[in-house]
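Chains as they are written, first to last, in the working numbering: chain A, 1 to 67; chain B, 68 to 218.
Be careful, since some hints might not be right.
Covered stretches of chain A (in silico footprint by chain B; criterion: 3 or more residues with CB under 8 angstroms from a CB of chain B, positions within the stretch not fixed) [unchecked claim]:
id	region
1	40-48
2	57-63
Have a look at the derived ranges for each label pair, beta carbon to beta carbon [said to hold, decoys possible]:
id	chain 1	residue 1	chain 2	residue 2	range
3	A	P3	B	Q111	48 to 54 angstroms
4	B	S129	A	D44	19 to 25 angstroms
5	A	T12	B	N101	44 to 50 angstroms
6	A	A5	B	D99	18 to 24 angstroms
7	A	V28	B	D158	38 to 44 angstroms
8	A	T22	B	G159	19 to 25 angstroms
9	A	G58	B	Q202	20 to 26 angstroms
10	A	R55	B	W147	19 to 25 angstroms
11	A	E52	B	A198	21 to 27 angstroms
12	B	F133	A	T22	18 to 24 angstroms
13	B	P153	A	E52	29 to 35 angstroms
14	A	A4	B	L105	52 to 58 angstroms
Derived by calculation from the structure, the hints in this document are not laboratory data. Yeah, the Cβ is synthetic: ideal placement off N, Cα and C, and Gly gets one too.
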Amino acid sequence: MAPAALIGLILTNLPTIKSGATHLINFVREQRLALRQSGEWTPDMDREFEAELARRAGSSAYRPDNR
Amino acid sequence: MKRMFHALLFNAVISPTLGLLMIVATGCTQLDKNADPLIVRAEQVEASALATFDLVLNVNDSNRDFFRSNAPEFHNFAEWLRTPTPGVYPDGKPTWPRSLAMIYDLHTVKLAYKTNRDAGKLNAGIHGVQAIIAQSTSWLSRITNAPSTLK
Chain A
1 MAPAALIGLI
11 LTNLPTIKSG
21 ATHLINFVRE
31 QRLALRQSGE
41 WTPDMDREFE
51 AELARRAGSS
61 AYRPDNR
Chain B
68 MKRMFHALLF
78 NAVISPTLGL
88 LMIVATGCTQ
98 LDKNADPLIV
108 RAEQVEASAL
118 ATFDLVLNVN
128 DSNRDFFRSN
138 APEFHNFAEW
148 LRTPTPGVYP
158 DGKPTWPRSL
168 AMIYDLHTVK
178 LAYKTNRDAG
188 KLNAGIHGVQ
198 AIIAQSTSWL
208 SRITNAPSTL
218 K
């Protein structure tokens, strides 16, 4: 294909290419964010989780029938 | 004719290339470089267990008398999750409900794994809690899809 035809093709489809590229960038950004959230918890998050367990331990839904 | 050729070329060449790029871009990404996949898995199981057990216990607690008489097996399972379990807990209480004690146990094994690297013990902990999650979801599926009178 002649270079001119290729440039013409790209120019004709520029809006679609731009839209596709935007989608691609957003998709990769979301994936990176999701992966960052898949990293290990920080010590603060570990402590928050323990506090959450302790809070639920005192909740009435966790109390057996005879108590 | 020329437009048709362009459209065909776009669909046959550019779109697949973009698709391939997306696959390559996501296929090559990994966990955070310092994250240990086993620890991440343990944390996912901890969070999932807390949400699942909480749902079972709250559904049961919403009408204990009803479940006790109409779905005794489900009620017994909820009571099993509530059974006070002795241990050393962060709030200083001598016992915690079994559901939370199991999660806390996995949590402490996970924290210990960071120094002792005992993958076998952490894997066993993960599988143990996962088995109870599976039982819980099975009960939830049966209870929430049962007719209102159950029996």
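Hints, verified against the model:
Beta-carbon proximity to chain B at under 8 angstroms applies to 3 residues in the region 40-48 of chain A; the threshold of 3 is reached and the given coverage holds. For the region 57-63 of chain A, the stated coverage by chain B is satisfied: 5 residues place a CB nearer than 8 angstroms to a CB of that chain, which reaches the threshold of 3. Between P3(A) and Q111(B) the CB atoms are about 51 angstroms apart, so this pair conforms to the stated range of 48 to 54 angstroms. Taking 19 to 25 angstroms as the suggested C-beta distance range, the pair S129(B) and D44(A) does not conform, at roughly 33 angstroms.
Between T12(A) and N101(B) the CB atoms are about 46 angstroms apart, so this pair conforms to the stated range of 44 to 50 angstroms. In this structure the supplied range 18 to 24 angstroms is violated for A5(A) paired with D99(B), their Cβ-Cβ distance being about 45 angstroms. For V28(A) paired with D158(B), a C-beta distance near 43 angstroms keeps the hint of 38 to 44 angstroms intact. Between T22(A) and G159(B) the beta carbon distance is about 54 angstroms. The supplied range of 19 to 25 angstroms is therefore violated.
About 25 angstroms separates the C-beta atoms of G58(A) and Q202(B), a value consistent with the hinted range of 20 to 26 angstroms. The hint said 19 to 25 angstroms for the Cβ distance between R55(A) and W147(B), and at roughly 22 angstroms that hint holds. In this structure, E52(A) and A198(B) meet the distance hint of 21 to 27 angstroms, their C-beta atoms being roughly 22 angstroms apart. Between F133(B) and T22(A) the C-beta distance comes to about 53 angstroms, which lies outside the given range of 18 to 24 angstroms.
Between P153(B) and E52(A) the beta carbons are some 21 angstroms apart, a value that contradicts the proposed interval 29 to 35 angstroms. For A4(A) paired with L105(B), a C-beta distance near 56 angstroms keeps the hint of 52 to 58 angstroms intact.
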